[in-house]
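*Asks:* Listed here are the chains, written in short residue letters.
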Amino acid sequence: MEISPELYQDMQDEIAPKSKSYINIPMAFVSGGLICLLGECILNLLTHFGLEQEAASAWTSVTLVFLSALLTGLGWYERIAKHAGAGTLVPITGFANGVTSSAIEARTEGWILGVGAKIFTIAGPVILYGTAASVVYGLCLKLFQMFTA
Amino acid sequence: MAQALARGVLRLERPVYAAGYAAVAGKKEGQGPMGKCFDRVEEDSHFGQETWEQAESRMQQETIYLAMQKAGTKPEDTDLILAGDLINQCTSSTYSLRPFGIPFLGLFGACSTMAEGLAIGSLLLENGAGRRAAAATSSHFSTAERQFRYPLSYGGQRPPSAQWTCTASGAVVLDRETTDAPRIRGVCIGKITDLGVCDANNMGAAMAPAAADTLTRWFQGTGTTPAEYDAIVTGDLGEIGGKLLLDLVMKQGYEIHPKYHDCGVLMFDGDRQDTHAGGSGCGCGGSLLCGHFLPRVKSGEIRRMLFMATGALMSPMLIQQGESIPGIAHLIEIVCGEE
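The listed protein sequences correspond, in order, to chains A and B. So for the first sequence, my numbering puts the first residue at 21; every next one is plus one. So for the second sequence, my numbering puts the first residue at 789; every next one is plus one.
Chain A on its own, in the form it takes in the complex (with noise of 0.2 Å):
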């Protein structure tokens, strides 16, 4: 083919249609908002039964993480997702479902070779990023104190 990789670069452009962000970036927003919102009202339905504060925070990311994996399970989650995009994979609940799917779908490999070894493979990037920023953070904070002190 005497065609440059540039020109069928332009080529693609003028053909292939492109993600209606105008849709998906406010989807995303309210779905996001939601699943925050309910995270409220289970944190504050937990304090009105007399949970302290920081439990009641720990028991609230459980209930979440727990309702993501049975949706999951259910098959529901990944038709929410469909339309919620980024509203349903940036919190805490788009990582139980990285989790959980990842288990499903190992199943058939085995407890230890499948579910055990793949259960993180979508969700390992964000425990060893998410930990290894927290350190950074840690670091940060520590200098940060010394020369202000």
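Hint data in this document are derived by calculation from the structure and do not stem from the laboratory. There may be inaccurate statements among the hints.
Below, simulated SDA-like cross-link-like pairs (lysine to any residue); rule was C-alpha separation at most 25 Å, straight line [what the hints assert, rightly or not]:
{"#": "1", "chain 1": "B", "residue 1": "Lys1047", "chain 2": "A", "residue 2": "Ala36"}
{"#": "2", "chain 1": "B", "residue 1": "Lys1086", "chain 2": "B", "residue 2": "Arg802"}
{"#": "3", "chain 1": "B", "residue 1": "Lys858", "chain 2": "B", "residue 2": "Arg964"}
{"#": "4", "chain 1": "A", "residue 1": "Lys38", "chain 2": "B", "residue 2": "Phe936"}
{"#": "5", "chain 1": "B", "residue 1": "Lys1047", "chain 2": "A", "residue 2": "Glu34"}
{"#": "6", "chain 1": "A", "residue 1": "Lys40", "chain 2": "B", "residue 2": "Asp1059"}
{"#": "7", "chain 1": "A", "residue 1": "Lys38", "chain 2": "A", "residue 2": "Ala48"}
{"#": "8", "chain 1": "A", "residue 1": "Lys102", "chain 2": "B", "residue 2": "Pro1104"}
{"#": "9", "chain 1": "A", "residue 1": "Lys38", "chain 2": "B", "residue 2": "Ile1107"}
{"#": "10", "chain 1": "A", "residue 1": "Lys102", "chain 2": "B", "residue 2": "Phe936"}
{"#": "11", "chain 1": "A", "residue 1": "Lys102", "chain 2": "A", "residue 2": "Pro145"}
For this one, chain A is given, so just place chain B on it according to the hints.
*Replies:* Chain B alone, transformed into the frame defined by chain A:
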């Protein structure tokens, strides 16, 4: 002996016929616009099996049995079989063929496998390698998705250029001695073509240059024009790849638009079935060739057609290493009956 008209462009001197052909598809494909053309539509996407991989093997096996039944033959009367699929080490085919005991050549040409199998099979038969050869291929949404993309229940958004891997299988029994069946008359072996597409969610664009190259070489090698064919069919370029192919061959001076069909576009109703740029997978072109086009060639509705299955020779590992996706397209010319 096949005559080489140009590099990779071969004309079969002795006739080889598609004596029997069958297509089996999944539920979603069965609900699409082509749903009625399949020999069987299976509602259970597990095909009664424990795992997705076993399901795909089972589907391919049933398709081969059906094709043999329709050709009036049996596994023990088949001299060789050529099959391939998308799953690691072509396991859908090897496990599907385990009980048959037919001399087997495994093929990997990604979604170009149906045309590759038919090309090699008809060339071997024409050169006296036997009387009957079968060519088969399959793809399954769930096996492909978990090998190439994300877990099935992972919540993500697919871009508009993404295609939907078809759960479908096609099988053809080639026979040197039958008559009154679609006849394979020519073959064009594709070249690896890569114009730098790196997006694994835009396979149509990655494959279109290969299809354009093969088609152009065929027209130049045979001295024919698009007007001489009733149908020019690609396997799974989809909406985007199909438009790019039309543009690319137009630049070479060939207007194929009025004759052009793409199995990926035909397979689904994009708006209703949410399949974005169309169907894909080995089984997409394979099943519609066997379910839709070959019966029309046999009935004489299509007198002369070109079937070009296109493959994106993509490895997730190489994509992660920053490589682009090489494409390939093999072509076979199918005609109705004798000259």
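*Asks:* Next, verify each hint and record whether it holds.
*Replies:* Hints, one by one, checked against the model:
1. With a C-alpha separation of about 22 Å, the suggested pairing of Lys1047(B) with Ala36(A) holds against the 25 Å cut-off.
2. Under the criterion of a C-alpha separation no larger than 25 Å, the hint pairing Lys1086(B) with Arg802(B) is consistent with the structure, at around 19 Å.
3. Restraint check: the Cα-Cα separation between Lys858(B) and Arg964(B) comes to about 16 Å, which is no more than 25 Å; the hinted pair holds.
4. A hinted pair counts as satisfied when its Cα atoms are at most 25 Å apart, and Lys38(A) with Phe936(B) qualifies at roughly 23 Å.
5. Annotation: proposed proximity of Lys1047(B) to Glu34(A) holds, straight-line Cα distance about 23 Å (limit 25 Å).
6. A threshold of 25 Å between alpha carbons decides the hint, and for Lys40(A) with Asp1059(B) the separation of about 15 Å falls inside it, so the pair holds.
7. The suggested pairing of Lys38(A) with Ala48(A) holds, with an alpha-carbon distance near 17 Å, which does not exceed 25 Å.
8. At roughly 23 Å between alpha-carbon atoms, Lys102(A) and Pro1104(B) fall within 25 Å of each other, so this suggested pair holds.
9. Restraint check: the Cα-Cα separation between Lys38(A) and Ile1107(B) comes to about 22 Å, which is no more than 25 Å; the hinted pair holds.
10. Proposed proximity of Lys102(A) and Phe936(B) is supported: the alpha carbons are some 19 Å apart, at most 25 Å.
11. Note on Lys102(A) and Pro145(A): the hinted pairing holds, with a Cα-Cα distance of about 22 Å set against a maximum of 25 Å.
Consistency note: the structure conflicts with none of the earlier hints.
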